[in-house]
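K.L.:
Kindly produce the complete structure, drawing on both the sequences and the hints.
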Amino acid sequence: MEFLLQPLTFLTFFPLLGVLVLFFIPSDRKDMLRWTTLITTLITLAISVWVLTIFNASNPDLQLEARYNWIQVAGWNIQYYLAVDGLSILLVLLTTFLTPISILSTWTAVEERVKDFMIFFLLLEVGMVGVFLAQDLFLFYILWEFTLVPMYFLIGIWGGPRRIYAALKFFLYTMAGSILMLLAILWLGIQGQTFSVPDLITQGGIPADVQIWLFLAFTAAFAIKVPMWPLHSWLPDAHVEAPTAGSVILAGVLLKMGTYGFLRFNLPLFPQASLQAAPWIALFAVIGIIYGAAVSYAQADVKKLVAYSSVSHLGFVMLGLFALNPQGIAGAILQMINHGLSTGALFLLVGMIYEQTHTRELKVYGGLWKITPIFGTIMLIVALSSMGLPGLNGFVGEFVILLGAWGAGMPGGALSAFGGVWFAGIAAVGIIMAAVYILYMFQKMFLGPQGEIVDEVKRHGHGIRDLNWREIATIAPILIFIFWIGLYPAPFFNLMAPAVDKLVATLQTAALTMP
Amino acid sequence: MTQADFYTILPLTILTTWSCVLLLIDLFIPKDRKSITALLSALGLALTLGFTLSQIGREVTGFSGMVVLDGFSTFVNALLLVSGLLGVALAYGYVKRMGLERGEYYTLLLFSVTGMMLMAQATDLIVVFLALELLSIPLYVLAAFARPKVESEEAGIKYFLLGAFSTGFVVYGIVLVFGATGSTSLAAIFASASTGTSNLLLTIGAALVLIGFGFKVAAVPFHMWTPDVYQGAPSAVTAFMSSGAKIAGFAALLRVFATAFPSIAVDMTDVFWALAALTMIVGNVVAISQTDIKRLLAYSSIAHAGYILMAFVPYGNPDVAPVSIAAGLFYLVSYALTNFGAWGVVIALEKSEGRGLNIADYAGLAKRHPALAAAMTIFMLSLIGLPPTVGLIGKFYLFRAVIDGGFYGLAVIGVLTSLISAFYYLRVVVTMYMRDGSPTTERETWLDMTTGVMAIATVAISLVPQFLFTWASSAVLKLF
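In the order they appear, the protein sequences are chains A and B. Numbering of the first sequence is given in my numbering, commencing with residue 562 and proceeding in unit increments. Numbering of the second sequence is given in my numbering, commencing with residue 18 and proceeding in unit increments.
Bear in mind the hints are in silico, worked out from the structure with no lab data behind them. Mixed in with the good hints there might be a few duds.
[Claimed, not checked] If we take Cβ atoms under 7 Å as the criterion, some of the chain B residues that face chain A in the derived model are: (1) Phe416; (2) Asp421; (3) Val432; (4) Leu436; (5) Met451; (6) Thr487.
[What the hints assert, rightly or not] Computed footprint of chain B on chain A, listed as stretches where at least three residues anywhere in the stretch have a Cβ under 8 Å from a Cβ of chain B: (7) 625-638; (8) 713-724; (9) 738-744; (10) 748-757.
Note that the structure is a prediction, hence the values are computed from the model and not measured. Note that the Cβ used here is the ideal one computed from N, Cα and C, for glycine as well.
P.N.:
This is how it looks when you write it as structure tokens:
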């Protein structure tokens, strides 16, 4: 039972302890429920920071393994197997970082069925952290599917007017992809006699023609989750209807599960298929960048605008991943974090103003800067981060991804056969388009003549107020990282570099054996 | 009758004797104290279960190879007895509340379990037929138990007519098989079929047997009776029938086809493939439009017959057959547990005169009775095949067998229909959690306990399935 005493087991399952405590708190003690959940998530954050301190950044391999032969009978070889490496450590930290922030954002926003909300949120955290740590395909699949259930309830119970439709669409879309992955997982497990990912990678030897099918099955699951164009249509619905905390987690973490899946499973398990598919994935990624940006600009609803901007941003991540070189992949990982921070912050801010105005229609806003200067300043920083202003985090990620994509377009690179450096060129246009829609949103809300909503809110009460201390405390940690990554990203790159190099080496070895 | 003969059918004998005696005792139990009969029948089932469990690991053939006691039969019998116990537990308060409390209810249930158990042990087609009748006739009566309610009477008659019709197919199939091989013993059929040259007659005979059992397990296109009978019959009966009859039917099919007919697997694999695909598709697609929870579960039951049928597709491949039989058995366990739990919730919400059965009646259940709603959610997730439930593990096992056999197309149909099923199962969850209403429920100790235990088991077995995996895989059939 040694595996139970491992740091990663604690990290993953600690929120369950919080769930257990919540069960015994009466439903009408709302503040007690909130504090319990917040403290639970803060302790989980502390555990993850502790994991970071004992994590050896110079080691490219999986570390801190918690391993146990879970189901080893009747021809099954399933392990309980958690481990962390440079590819996942940042995502784990992002998850444990955004969860307490989301809980803080619900303090006054969620008044109905607080107990259920908190229970589902903690269950969601277990699933998310587990997904990033699981190294056994069976365990991974269980946790992957499990995250659907609490998120489904979060959207469906506490969401907007079309919440039931959105929740169901989210659920069915995601499940449609993952069941195809299930078949591929079973095939791998039967052929390789194990579900352990590192063991399967070591074995290798999957014929190229089979690889492409397995690659496609895994891609079905991950591409929907990312979401890649043209499989993105669940995303705006889910985002718009989800409560603020749900949107933050959805954009901040759940979408990263898709890109992480490509990184952790598709690239090392099916290296040859990845090389073959790279130009195609990059093509879809670039289409997504342009499409997401264009559609964003056309939105009348702020939340929808931010939602579509995710499609565009995640396109960058996918382009970086499938550049299949160290810059591209490292940039993609950093951009996953960046997107989680800046889009998470955007959703938080939109949620904060929505709580006061109960509308997200862009056209009724205007001139908020005068009334709410702190809110405006923070919004400006986050917006600039999202559009990739140098000195803020978004720039670093996008720049490194473009470097990678450019390099991959050169002769011998993964994207050279299929348009070459144009991928990077078109993606760069996407950055300009991002400036257009982000600034458009900012201008509509904060500059210009005073919008009608200001008087509307005044008529019903005290008028729009600026951010209070709790709200500032909610958003401030994110701002710290926005500046930190923007000004000094080296520590973040150092965490992932050895693991990224190892992955690229695997891909290069596979490239040599390509037919 | 030798000692070995007797030992082979020991649990059967105990249960039959107990039922007969109970029938007599019941005459002396006053009308308002029929719960004594229920407790006595549960005691009989528990006692038999004890004996069955003591036979684990034993392999005895009795009555000149007509019945057998092996790992397979022990596993299935234990499952059937547990189903019987759950059937009694669900009925205990329900029959009282619905005014159906008559002692025969429990004795009929016991007789039906006896038939089902004999089915799992039969190694001769004549005994299979005998067992089929013994399990079916009490079920016909039970389906009509709510007389003079028209729906219940209709269910009984419908079930009886189509059941008799399907039995005709089985008998005719047995006759043709006998004509082709000169024997009704499974071992002799196997021996003769693997040496004989022409086996068209055998194939037709086997197909007819399959059609007959297709009715029993509600496989498409032999499923027409299912929704009406499941809806019309008292809910407690349906709960028992949908699990018990399916377990017994599939157990017999598995044994007959895997041991006697592997020689015609070339033809039969395609037939099973088509049956499984059709059953999964029709069951799941038609379930979408149901508004009545009983009909929904009926179509769900059809759909799950399709999933279990997938276990038959690779039956002729000696490398995969053991895995697929074990997968089929495990799936039967997972289905039975989940199904009894779901019916427990249905029974808790059902009012007299058939009210409280609409899915819309479940609105607001999460606020009124969070535990009940949570349990129902677990059952729905398990029926979809999502974590953390035993349904996912069952599907994993089944799909493994199918993929191992190389039937990728069927596996894809299987997962896609699971996706469809998510739509209608989630509708129940949506109604419970996301719509407002004020449903009232019946709180009965045994009912609550059954539902609760099933919910816990559904989750717990998914976390520690080793024991059941081992047992199921040791229960594979001895091939001749």
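K.L.:
For the hint on Leu436(B), does the least C-beta distance to chain A fall short of 7 Å?
P.N.:
holds, 5 Å
K.L.:
When I compare C-beta atoms, does the region 748-757 of chain A have three or more residues closer than 8 Å to chain B?
P.N.:
Satisfied; 3 residues make the cut.
K.L.:
Once the shortest beta carbon distance from Phe416(B) to chain A is found, is it less than 7 Å?
P.N.:
holds, 5 Å
K.L.:
Using the nearest Cβ pair, does Val432(B) come within less than 7 Å of chain A?
P.N.:
holds, 4 Å
K.L.:
Could you check if Met451(B) really has its C-beta closer than 7 Å to a C-beta on chain A?
P.N.:
holds, 5 Å
K.L.:
Minimum Cβ distance from Thr487(B) to chain A below 7 Å?
P.N.:
holds, 5 Å
K.L.:
With a C-beta cutoff of 8 Å, work out whether three or more residues of the region 738-744 of chain A approach chain B closely enough for the coverage to hold.
P.N.:
holds (count 4)
K.L.:
Holds or violated: Asp421(B) as interface residue toward chain A, Cβ cutoff 7 Å?
P.N.:
holds, 5 Å
K.L.:
Mind checking, does the region 625-638 of chain A have 3 or more residues with a CB under 8 Å from chain B?
P.N.:
holds (count 6)
K.L.:
Under a C-beta cut-off of less than 8 Å, do 3 or more residues of the region 713-724 of chain A approach chain B closely enough to confirm the stated coverage?
P.N.:
holds (count 5)
Taken one by one, the earlier hints all hold for this structure without exception.
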